[in-house]
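Protein chains in written order, with numbering that gives the first Met the number 0: chain A, 0 to 267; chain B, 0 to 267; chain C, 0 to 267; chain D, 0 to 267; chain E, 0 to 267; chain F, 0 to 267.
If you're looking for bench data, these hints aren't it; they were derived computationally from the structure.
Certain hints may be false.
Remember, identical chains collapse to one label, so a pair may be satisfied in a single copy or spanning two.
Calculated lysine-lysine pairs in the DSS-like style (CA-CA distance at most 25 Å, straight line) [as the list claims (entries may be wrong)]:
1. Lys2 with Lys253
2. Lys228 with Lys154
3. Lys120 with Lys154
4. Lys41 with Lys156
5. Lys241 with Lys101
6. Lys105 with Lys120
7. Lys241 with Lys2
8. Lys105 with Lys241
There are 6 protein chains.
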Amino acid sequence: MAKQFKRLLITGAAGALGTVLRNNLRDYADILRLSDINAMGKAAPHEEIVQCDLADFDAVLSMVKDVDMIIHFGGIPVESDFHSIVHSNIVGSHNIYEAARKQGVKRVIYASSNHAIGFYKSTEVIDTEAMHRPDSFYGLSKCFVEDLGSYYYDKFKIESVNIRIGSCYAEPTDRRMLATWLSFDDLTQLIVKSLTTPRVGFAVIYGASNNDQQYWDNSKASFLGYAPKDNAGHYREIVLAKLPDTDPDHALYKFQGGNFAAAMPDDK
Amino acid sequence: MAKQFKRLLITGAAGALGTVLRNNLRDYADILRLSDINAMGKAAPHEEIVQCDLADFDAVLSMVKDVDMIIHFGGIPVESDFHSIVHSNIVGSHNIYEAARKQGVKRVIYASSNHAIGFYKSTEVIDTEAMHRPDSFYGLSKCFVEDLGSYYYDKFKIESVNIRIGSCYAEPTDRRMLATWLSFDDLTQLIVKSLTTPRVGFAVIYGASNNDQQYWDNSKASFLGYAPKDNAGHYREIVLAKLPDTDPDHALYKFQGGNFAAAMPDDK
Amino acid sequence: MAKQFKRLLITGAAGALGTVLRNNLRDYADILRLSDINAMGKAAPHEEIVQCDLADFDAVLSMVKDVDMIIHFGGIPVESDFHSIVHSNIVGSHNIYEAARKQGVKRVIYASSNHAIGFYKSTEVIDTEAMHRPDSFYGLSKCFVEDLGSYYYDKFKIESVNIRIGSCYAEPTDRRMLATWLSFDDLTQLIVKSLTTPRVGFAVIYGASNNDQQYWDNSKASFLGYAPKDNAGHYREIVLAKLPDTDPDHALYKFQGGNFAAAMPDDK
Amino acid sequence: MAKQFKRLLITGAAGALGTVLRNNLRDYADILRLSDINAMGKAAPHEEIVQCDLADFDAVLSMVKDVDMIIHFGGIPVESDFHSIVHSNIVGSHNIYEAARKQGVKRVIYASSNHAIGFYKSTEVIDTEAMHRPDSFYGLSKCFVEDLGSYYYDKFKIESVNIRIGSCYAEPTDRRMLATWLSFDDLTQLIVKSLTTPRVGFAVIYGASNNDQQYWDNSKASFLGYAPKDNAGHYREIVLAKLPDTDPDHALYKFQGGNFAAAMPDDK
Amino acid sequence: MAKQFKRLLITGAAGALGTVLRNNLRDYADILRLSDINAMGKAAPHEEIVQCDLADFDAVLSMVKDVDMIIHFGGIPVESDFHSIVHSNIVGSHNIYEAARKQGVKRVIYASSNHAIGFYKSTEVIDTEAMHRPDSFYGLSKCFVEDLGSYYYDKFKIESVNIRIGSCYAEPTDRRMLATWLSFDDLTQLIVKSLTTPRVGFAVIYGASNNDQQYWDNSKASFLGYAPKDNAGHYREIVLAKLPDTDPDHALYKFQGGNFAAAMPDDK
Amino acid sequence: MAKQFKRLLITGAAGALGTVLRNNLRDYADILRLSDINAMGKAAPHEEIVQCDLADFDAVLSMVKDVDMIIHFGGIPVESDFHSIVHSNIVGSHNIYEAARKQGVKRVIYASSNHAIGFYKSTEVIDTEAMHRPDSFYGLSKCFVEDLGSYYYDKFKIESVNIRIGSCYAEPTDRRMLATWLSFDDLTQLIVKSLTTPRVGFAVIYGASNNDQQYWDNSKASFLGYAPKDNAGHYREIVLAKLPDTDPDHALYKFQGGNFAAAMPDDK
């Protein structure tokens, strides 16, 4: 069948997940435009490469031109100092949405994070309408960009799917990931469903695989059709063998955000 | 094993779904009594045929005699003018319940419709207690008959299962049906479970298959044991190929009721 | 100040509550157009009188012309046989809305009833989004007209306020009315707020005074600004003196709908 | 891999479910300490046997020494007279928790019961935060011990998982068990997950298999990772053949607690 | 007007609140039967005095004879050792209900306590369906008796109102009481409404005055008509002057149960 | 009585509301430290004046020293360009919280705004846990600072009360303000309650007077004891006289945020 899109933009394309998507989304668009602040190697024939800082509005404005939808994974992916977070994640994401508005782009798929709600306890189960409880400046910036998506949808009808990614790795490596793991295949499915569902409005969805353990309830986003196939439970024996201790007050296990919630600033 | 019922009545037996049920329910009752306003062909040995207008109370009263339960699929199955809807769906269904009361019939399985709630947005997920939001006179009549079932249960203990059927076809043919499709097998299962669960009270349940995409949450009706097996997601590639456009404002996609919600009256 | 409206239509103007409104709304419109199936006496200078059956669509269509908003209290106000209810309340109310659509009337204030939810127990507290639980054919027609209002708002943007009137009398006369009483002044206030709140959408609100006892929670309709002033509790001593018995299974007390819920059909 | 625990205590180890667990949990601890008021046969090399009455605090205090976690299935497992229930279930369970506190035991897995909520109707679906509705003195004692667990967690940080067991048998044998059945394998899984999830806090979860029919919604306990594999639905045909009658008022079917809810005291 | 009741029983009549009720309820019954384990002084002409231990079933059985309703304030009113609590509050309250069943008493008004939910935080607002979170053995017994009331209503139709009393004193004396205070007049009103509302089923309601500050939401019990008149806020200035410190971690302020939640056992 | 606080800091003290608070809070602290980017006139004996830009961290750090609590009303109070909002509201508020953490300040009272949720419809009623729906960059910054408060409470136990101010003026001047008006006295009360409630955690509360009309439900914040005294309803006749038109699609009335939600960017 013909590809679904003419041109998709992936920001953060040099990152770990950006690299996965660069490979896995090739069949969905005639052209994948790839963006990152770092080098992304050589462009394949179906690729366009734009290296830039998302905080540079003019660069973003031209990068977004002629794009159908944006898969926005760019920005700082871990905790950092406040001003770097503001620069890369807050100003950078504003530029993505504002450029999308000016260029007529219809939809943004955003890499939000469980760290937007990382201070809920690991013994709570929350849905997609739970109040924000960020566990870090990083998490705060994710909250901000979700709200930015809400604003751009309500005012300008730019749709967005905000994926609160759990732990997206090749396989789960600790007990927390028995609940938070998102496989690469399931991430890819979630992006594809977000791209091809005809109407998404402003949506929030958790990015976790079909794990036996779940902190998160996606039922209010079931219209997106996300049906994860992988299950961290298959790795349970391996993970339990590694960590025989089950202290419930271990930093990893107290809060949904794990170590992010436990980390304290290093005030020298 | 012996059949579960002596005699079941199917109204609307000449319709598309009635025909499916006429075939699929033969093993559940010694006798299937079939009713329609239109001709239904020749009766098989296990069948009794009663052609009548449901708005004719006397005809309905005798038709309902000696029946264990009623599968009420009769009436106008699409949008129509108000007075036809009142005649066939509102008065007709009143006659079914009132005759059931007089003849001591214990339970009604009713073909309600997603058009009883068709004005919810396709980006909302609703459960079986959501307020009515009919999208048509047709949908209004479905709301009415659900309320009628509520009344007859509360006052006279006639139980009912009100199935809000999505899109019951051989296979899904557009993107909306990725969420709303109900396979014939799953419809049959839902009817059988509604007939054989010992106690159902007044129940509302959505009739959708086990589709990846879901507008509807049946968790409050899980006591009925409906466990759909089919999944419109298996047709996703075919459906996407047909409709490359993903305009979120396309009439089919804005509201759960699809074209019914979008249709405007033709005031000449 | 100038009157808020040029012309308001009151249906059911010869009824008990219609008479109250005929008197109490005179300051809110230059002209009150009054309608009933019964005679309404002589028109005052600020009144127009239209005697007609609401089931007569042509009569309704002309009656609705040049009206700003409709206060729809017409129809049968008590339990009756099914066909009379269909004629007067279901067909009649359809005609009101359909005529409003054709004549460009913006809003309908409807006399719905607690009998739309009369089968909730008197020990439950329900809000304005509770599922219908009609206790009579009368109550069923109220459910239907509420759904009709929902339909006309979603499809045609005709706004409506659906007031589920409790027991609207000069004063409370039994223990049930300690919860359900609505004074004439509070009814009037509720109508006035419904008329003058700039945007009401499709609203449902319970019509009870500021009684100590409450079956109903109007918090989801607080945008309407209804602030009842009267309180059945002031009559508590008088009412208790009359009815020293407190059998919790007395028909009046079991269900919110009181005797309507308890009444059984008289099958001769 | 090394066993997860040094020593687990199972109370009620001579009972039907205790016997299942005695066998199925052998791989999870170096030593299984077994307790019952009745004889438990000969101890295997990996077992320690302590026969005692749980109402004897000193016996319980020494029994609980050096135990990692307690699987508390002891006490009277059916309806009984009030004073026996107080002795065995209320005082006995208090002793378990109080001894756990004094001996530093971290977690209790408790055999609560559906009879703690047995008076909900079989047409309701409830979650783990529904109010108690005990159907018997037995059920009342289950409510009490859940609350006891809540108290010991909030005040002393002793974690507990309170499993509201449905009908735990080799296979389902009546229509009620189509919803309430818990297979031995699924019970075992639920115990294992309760033992090995790093943090459980105070948790309540229903013990039912992956049955098509469900009275209970475990979504708020999904952090425990319970993923039942068996399904009473596979026995549906057999069960239906046995009980052709479907009287919705049959005692077994009216309430979730089945015959417990229906049973009345025998006042001679 | 004639008195509402022939004979009311007040247990715990020698206690602080029992003494208030002994005085304030004299107009509501021809005879007040008073019970306590302690001496109650001389009986007035409208009084009957029965001194007994509620744990003595035979004494309770005869005491309950010919009583219309029971106001059950007896038992230990503060934290105590587990076995005393079981004896006085658990066994004693069982006897009250069981005797009521045998003697045909219709309703019990029970002095439950905020300590049944004392471990909710003082920054949470909970309603009458919140899960129990007892803060003491005392609180646990209150939870138990509420569940006992639920059982006796569901199985035997003995109605009950379970009043979770906050801080019932002449006036509020610390900052916690700005939220939890219940004046004697408001207590009396709550008892009277509980006695005279025709149908109460099994009800739970918080006993707090109309304080500006509220931890508790009684909206689900609004059918009882409790309309408190007093307000701890009038004492705010006095209370603030006494306690200039506002340490949010002060034991009194952390949890709704105040010092009960903070108190730890004294393990010598 | 002695004043409750030694030193309170008011930021934005030169603004309209800051000026109100500068006057009204004088009795609550020995010293009011006042801050603004603009001049604030001469300091009274009980005042300290610090003119600075909140985006200057070092200035903020020293300004916050020796302060008990902070009333943070500083920043841009209307819609502005994105970068000014980031500078003044996002970076500025970060500096307040970060300085509070370093200086050991215990609590922040923040002037959030209805524009954090301005895209809810005026026919919806939302509570304090509703998802953010900002209507402007200004509103987005309010969302951000609320989330910042959540973060600083969860990680560092700095408490905050986030007041979503409606329309704080001397009196209501349009129909929207019938719902959104906050009188100066009620604002003052809300600040005082926020300062003196012993424990507030992370709290969100709407700042509206006791208006008949309400968009907002503060019940989850009732532990704060806010009991507004003024009522925009007293101005209803005056307001209605000014605006005879009741077009429900008037920009002011469609959304809770009024003109902020309706305003579109001016792209030249």
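Is it within, between, both or neither when you check lysine 105 against lysine 120 at 25 Å Cα-Cα?
between (36 Å within a copy, 18 Å between copies)
Within a copy, between copies, both or neither: where do lysine 105 and lysine 241 come within 25 Å Cα-Cα?
This pair counts as between: shortest inter-copy Cα distance 21 Å, intra-copy 46 Å.
With identical chains treated as interchangeable, where does the CA-CA distance between lysine 241 and lysine 2 reach 25 Å or less: within a copy, between copies, both, or neither?
between (44 Å within a copy, 12 Å between copies)
Check lysine 2 against lysine 253 for me: Cα-Cα at most 25 Å, and say if that holds within a copy, between copies, both or neither.
Intra 45 Å, inter 24 Å, cutoff 25 Å: inter-copy only.
Checking lysine 120 and lysine 154: alpha-carbon separation at most 25 Å within a copy, between copies, both or neither?
Only across copies: lysine 120 and lysine 154 sit 13 Å apart there, 34 Å inside one copy, limit 25 Å.
Given a CA cutoff of 25 Å, do lysine 241 and lysine 101 count as a within-copy pair, a between-copy pair, both, or neither?
Intra 51 Å, inter 30 Å, cutoff 25 Å: neither.
Between copies, within a copy, both or neither: which fits lysine 228 and lysine 154 at Cα up to 25 Å?
neither (36 Å within a copy, 35 Å between copies)
If the cut is 25 Å between Cα atoms, do lysine 41 and lysine 156 qualify within a copy, between copies, both or neither?
neither (35 Å within a copy, 49 Å between copies)
Consistency with the previously given hints fails for numbers 2, 4, 5, ordered from lowest to highest.
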